[in-house]
Structure formats: C-alpha cells, structure tokens
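> Chains A and B, in that order, give the protein sequences.
The numbering used here applies: residue 1 is where the first sequence begins, and numbers increase by one.
The numbering used here applies: residue 1 is where the second sequence begins, and numbers increase by one.
It is worth saying that the hints were derived from the structure and are not from the lab.
Fair warning: there could be bad hints in the mix.
Any copy, or any two copies together, can satisfy a pair, since identical chains are not distinguished.
DSSO-like mimics (lysine-lysine), calculated; alpha carbons at most 30 Å apart, straight line [to be verified]:
no. : residue 1 : residue 2
1   : K76       : K184
2   : K118      : K90
3   : K172      : K76
4   : K316      : K39
5   : K76       : K190
6   : K251      : K132
7   : K184      : K118
8   : K184      : K75
9   : K254      : K132
10  : K184      : K117
11  : K198      : K118
12  : K184      : K77
13  : K77       : K90
14  : K89       : K316
15  : K90       : K117
16  : K254      : K190
17  : K89       : K75
18  : K271      : K90
19  : K270      : K172
20  : K190      : K75
21  : K270      : K89
These figures come from a predicted structure and were not determined experimentally.
Number of protein chains: 2
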Amino acid sequence: MRIALDVMGSDLGASELVAGAVLAANESNSQITVIGDEKEIRSALGSTGDSGSISVVPATQIVTMADSPFDAVRKKKDSSVVVAFELLKKGEVDAVVSAGNSGAVMAAAIKFLGRLKKVSRPGIAGIFPTLKGPVVMMDVGANVDCRPKHLYQFGVMASAFSRVMFDVERPKIGLLSIGEEGGKGNTLVKGAREFFEKSTLNFIGNVEGRDTFQGDVDVIVCDGFVGNVCLKLSEGLAEAILSMLGEEIGKTLKARCGYMLARGAFRNFKKRVDYAEYGGAPLLGFNGTGVICHGRSNRVAIKNAIRVADELARNKVNDHIQNMLEMDHLE
Amino acid sequence: MRIALDVMGSDLGASELVAGAVLAANESNSQITVIGDEKEIRSALGSTGDSGSISVVPATQIVTMADSPFDAVRKKKDSSVVVAFELLKKGEVDAVVSAGNSGAVMAAAIKFLGRLKKVSRPGIAGIFPTLKGPVVMMDVGANVDCRPKHLYQFGVMASAFSRVMFDVERPKIGLLSIGEEGGKGNTLVKGAREFFEKSTLNFIGNVEGRDTFQGDVDVIVCDGFVGNVCLKLSEGLAEAILSMLGEEIGKTLKARCGYMLARGAFRNFKKRVDYAEYGGAPLLGFNGTGVICHGRSNRVAIKNAIRVADELARNKVNDHIQNMLEMDHLE
Chain A
1 MRIALDVMGS DLGASELVAG AVLAANESNS QITVIGDEKE IRSALGSTGD
51 SGSISVVPAT QIVTMADSPF DAVRKKKDSS VVVAFELLKK GEVDAVVSAG
101 NSGAVMAAAI KFLGRLKKVS RPGIAGIFPT LKGPVVMMDV GANVDCRPKH
151 LYQFGVMASA FSRVMFDVER PKIGLLSIGE EGGKGNTLVK GAREFFEKST
201 LNFIGNVEGR DTFQGDVDVI VCDGFVGNVC LKLSEGLAEA ILSMLGEEIG
251 KTLKARCGYM LARGAFRNFK KRVDYAEYGG APLLGFNGTG VICHGRSNRV
301 AIKNAIRVAD ELARNKVNDH IQNMLEMDHL E
Chain B
1 MRIALDVMGS DLGASELVAG AVLAANESNS QITVIGDEKE IRSALGSTGD
51 SGSISVVPAT QIVTMADSPF DAVRKKKDSS VVVAFELLKK GEVDAVVSAG
101 NSGAVMAAAI KFLGRLKKVS RPGIAGIFPT LKGPVVMMDV GANVDCRPKH
151 LYQFGVMASA FSRVMFDVER PKIGLLSIGE EGGKGNTLVK GAREFFEKST
201 LNFIGNVEGR DTFQGDVDVI VCDGFVGNVC LKLSEGLAEA ILSMLGEEIG
251 KTLKARCGYM LARGAFRNFK KRVDYAEYGG APLLGFNGTG VICHGRSNRV
301 AIKNAIRVAD ELARNKVNDH IQNMLEMDHL E
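Please put together the full structure from these sequences, using the hints given.
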C-alpha cells in the first residue's frame, strides 16, 4: 500500500517521523510518501535519499497545534496535512498518517474525503492495552454531542476495525455505562442500547469503566466526550502511578537496588502499556483511510501507525463498514 | 458528633464494619450507633459490648446489592439503611455512614432528608489521590443526565466539601472537558462554563482527563455519568497496572528478588493510592450528612469514612453550601 506520512507539527520534529518512515520501509512493503519541509526531510533522510520505497513531496506550510483546525485547512493550502489528503483524494496514495494537529487532520478528512455512505458521524477509534489483548474504544474525541444512532455506528466501525486489525472474527461489543444492567446509564446510552439489540453485531451489553482494562470485550462504545476523557485520564493515571512508584522506590537504597534487579520486568511492563506499540488512532467513517498519531509519537509509534494504515487500506475496512451498515439497515 | 453506621449489605460482612466502628471509637470522640443484625453485631463486638462510645440499634432487614433502590427503601422499613436515615431525620444522630447498596443510600437520603434549599440535584463526591493532595470529583454517579446549572452546583458543593475536609481556603475548581480552551467541550460543559464564570467560585477553567492526577486543582466538576466512568476506569486501570507489573516481576527469579527488596516502596505506594485512606464518598446537597463507602471497604476505610462524616457534620458543610449558593444567586 502507498502511505502518505505528514511529518510536520508534531512534538519530536520532522526528523523523528522521517526515521519512523525509514523503519517502516525497511520492515514492510509499504511505499511511503513523506510530506513536509523538503530541506528538513532531505537532511533527515541523509544518504538514504528517496530511494526505493520512500519518496518526498514538499509542502511549505505547517498547521501548528495552536491553529484553528477548520481555518487552517481552508487557508494553509500548501500545508503538509492538506497536501497529504489531496494526494489521498486523487488516489495517488491509499492512506494518510499524521502526528500533527489532530483537529486539522479531522477537518482535512471532512473536506477532502467526505463521509462514507450511511455513516452519520465519522469518528476516531482509540486502542487501549488490557490484561489480555487490545481493546478498541470509539469515539475518542471527534463527536462530543451524540445521538443513539451515532453510538451504534461507532460500534459498527470499531467492530470492522477490530476484525481487520486484530483478526477477531466477531468482535464482542460493550456499551460503556455506569452499571451492567440494561436500565443503567444516561438517556443516550439507553437509546443506543436499543439499536445494538436490534443489530447483527456481537453486542454483549453494558460494560463499566472498570471493565476497560480486563480485556473481556473487543470494542467499547461511547460518545467522543466520554471517550476522550477516558483516553486522557488513562494516560494521566498510568504516568502518575509510575511516577509515585518511582518516588517511593527512590526513597531508600534497598528499594533502589531492588528496582535495579527488577528493571527488566519494568521494561517489559512499559512495553505492554506503551501507546507506541499501537501506533495511532484510526479515523473511521470517511471515504478513505487516515491514522492520527499522538503528538509525542516516536519513530516506533510512527512505524506502527504506518502498519495500521497499511492494514486498514489493504483489508478494505471501509467496505466492511458499508456492508455491516447495509445488512443491519437500522435508522 | 453522633454517627449512625449501617453495617449490613457490604462485601466483607458486618463484623468487618463493626471492627471499623471500634477503631473509630478508640481513635476519635465520635459516638457511633451501629445498625443491623443485632446478633451479628453483638458477636462482633464481643467483650467490648456497647460500652461508652458505641451503641447498637437492631434492624431486622437487609437491602442487598440486587435490590432495586427505591423499592427497597419503600418496602424494607426495618432495613439497616432505612433505620439509619430515620435516626438522622429525627435528629438522634448527626450523620449516616453505609457500605451497602449505594443506590439505596441515595434513595433513603431523598426520602428522609430531602434536598437542601436552592440545590437542584444532590450528588456524590469522589476523592481521588493525586501526585500532590487529594482531588474531589463531583458528581460521580448520582445524576447521569445534567443541565449546566447542575454542574455549577456540583462545583459549589464540592468546593464546600474541599474546604471543610482538606482545609483549602479557596478550592481551585476545574471543569472536566476535552481541551483547555473555553470553546472546547460538549454543549453541557460550554453551558456550565458560563455559570462558573459568573460565580464567585475560584474557577480556573477547563481541565482534561490527564490533569486529574496532577493535583493542580482541588475540585473537578463533571456530570454523574462521566464521573462514574472516571471513578471505575481509574480503579480498573490501577488494578490492571499492578497486575501486569506483578506478572512481569513474577517471570524471573532476579525480578522477584528485586521486588522483595523494593517491597516497602510498593507498600507505601499502595497506601498512597488506597481508597481506604479516604474512606468514603460524601452525599452532598441533602438536608443532612451521609457518606457512602465502597462495597469492599475494610475496617480502616470504615474508620476513615466515620471521620469524614464527623468532619462534615461538625463543620456544617451544608451551611457553607447554602451560603455560597445564596451569595452567587445564579439561576
């Protein structure tokens, strides 16, 4: 697959993202088009050049984290994110990966790709590590005020994603609520439950916040406000726990020695919960494939995000979404 | 202060809660009325008897976790939770503490206490440990569909609680949203922000999920659906992290030895994040004081919850709430 990588506007700078492209090119068959400041890209590529599976497309403007997404996409016509989505629209690439302003990526997708037929609200799927496999949560930030039907469609889209990405035949879908009984939840969740019960999806009922990390479901559905809070709360809590643990360990020599011995275990643990392992959050519901990466993404995260984009495009996740929506035919 | 402790319906059984009452009686001046199955209570009290600061009031019925809250409160007239709230209503105790069915505690508060003047929606405040001091989140489960005014009132109530409980002169209040800028959030949050900006509260703006555990604010305001998800997600994630770390440490002898050396640090860490340290979640906005404890509360948690109830009643948190609402006079 041909992947456009927008290397501008992230926290670690273009050279780290270019390094991610090089890693991906070495480990996979993806053809990667690196988009951004040409001088920076060429210097980061060094002697590798744009040989073989990496090519460079210059873009002179940058959408920063401070830019207003829709304005930026309208006005900065030669920004890397706009150039990337134009290539996708023209069919010159199969997917876009970006670690820049995620609102702008969303805005560019709306402008250049448009919604998939039958999808009311495209959204963003987040991947969480759990005690077992990964769980997909949707929506994690694109839609803050939702209707029941939107939640049902998030379930369809995340389910299709879980299938093509993690090879789960019939992903188990849970509706995030505040109690497992059907009567528990707010008006939105109660309404969404009716949709899920009528659907052909593998809906297993309500799940609670506590269940998120048990790994007993493959997909968790919620509105974008709740999902974004969950995503950031989890990130903040994981950091706080490790930081508190570090403080306690630092207090005595004995504990510090203990840590030295157990260092390998800590390293493996960090790998298990590291967002970089999953690479990015796919945009689902658009006429085209996009993956949003964390602003702090390192080269490994970028390599993995390229892999996610490649899988989604190769396995035609959008066709699955379309088919599932048509099969259910719920309005 | 005189505290009624409902010892029925929790996970660890009446004897653990009675032990909590004994701890509290030994360490404080609280007068504790233990309510529940008389035989179980007497046997747990043993030779201590109901001497001095502990007395026993029998209740023959139990509201279980499976009971429907409002039905149970209406029908089980001699249940421990109903008897406790009747004592509070009659002025024979100053506060109620319960680790039973929390919906039933809420229902009993609605039935026997009623709302404080000017409070539209009473709620439940949760206490989260952070890198610095504790943070109070409200609402964590009582109100799943809210209007902007309700969120503002949660801010007032949680602020009064933070003041009397943690001695914070002017608690810093953050509104939980998905971005720090004022324009970010759903319709509810944007509406609530207008209330906060007009209020005399120490409102510092939006906070994100990530900020919850940084300890830079004293109070975080959200609706009860979001708050309950946050509470349970945090609990689940903390457990999952420790369990993953335990798995990794268990894999090699070297890491296990390291853990043995660092055990004290792990113990201190667990104490820092242990919900038992905070004891319980206060009901705020009622004509009376109630504290809900986790179903799994051990004796230490119960002792601390009794302390919370005692502080709230002694410092007249309800008068503070009333005054603040009258001062702001926002409709």
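> With reference to the structure, classify each hint as holding or not holding.
Checked hints:
no.: 1; hint: K76 with K184; verdict: between (46 Å within a copy, 22 Å between copies)
no.: 2; hint: K118 with K90; verdict: within (22 Å within a copy, 60 Å between copies)
no.: 3; hint: K172 with K76; verdict: neither (42 Å within a copy, 39 Å between copies)
no.: 4; hint: K316 with K39; verdict: neither (35 Å within a copy, 67 Å between copies)
no.: 5; hint: K76 with K190; verdict: between (42 Å within a copy, 29 Å between copies)
no.: 6; hint: K251 with K132; verdict: between (33 Å within a copy, 17 Å between copies)
no.: 7; hint: K184 with K118; verdict: both (29 Å within a copy, 28 Å between copies)
no.: 8; hint: K184 with K75; verdict: between (46 Å within a copy, 22 Å between copies)
no.: 9; hint: K254 with K132; verdict: between (33 Å within a copy, 25 Å between copies)
no.: 10; hint: K184 with K117; verdict: between (32 Å within a copy, 28 Å between copies)
no.: 11; hint: K198 with K118; verdict: within (17 Å within a copy, 43 Å between copies)
no.: 12; hint: K184 with K77; verdict: between (47 Å within a copy, 25 Å between copies)
no.: 13; hint: K77 with K90; verdict: within (15 Å within a copy, 72 Å between copies)
no.: 14; hint: K89 with K316; verdict: within (16 Å within a copy, 64 Å between copies)
no.: 15; hint: K90 with K117; verdict: within (19 Å within a copy, 63 Å between copies)
no.: 16; hint: K254 with K190; verdict: neither (53 Å within a copy, 50 Å between copies)
no.: 17; hint: K89 with K75; verdict: within (18 Å within a copy, 65 Å between copies)
no.: 18; hint: K271 with K90; verdict: neither (38 Å within a copy, 58 Å between copies)
no.: 19; hint: K270 with K172; verdict: within (27 Å within a copy, 33 Å between copies)
no.: 20; hint: K190 with K75; verdict: between (41 Å within a copy, 27 Å between copies)
no.: 21; hint: K270 with K89; verdict: neither (38 Å within a copy, 52 Å between copies)
Figure legend: structure checked against the earlier numbered hints; hints not met, in rising order: 3, 4, 16, 18 and 21.
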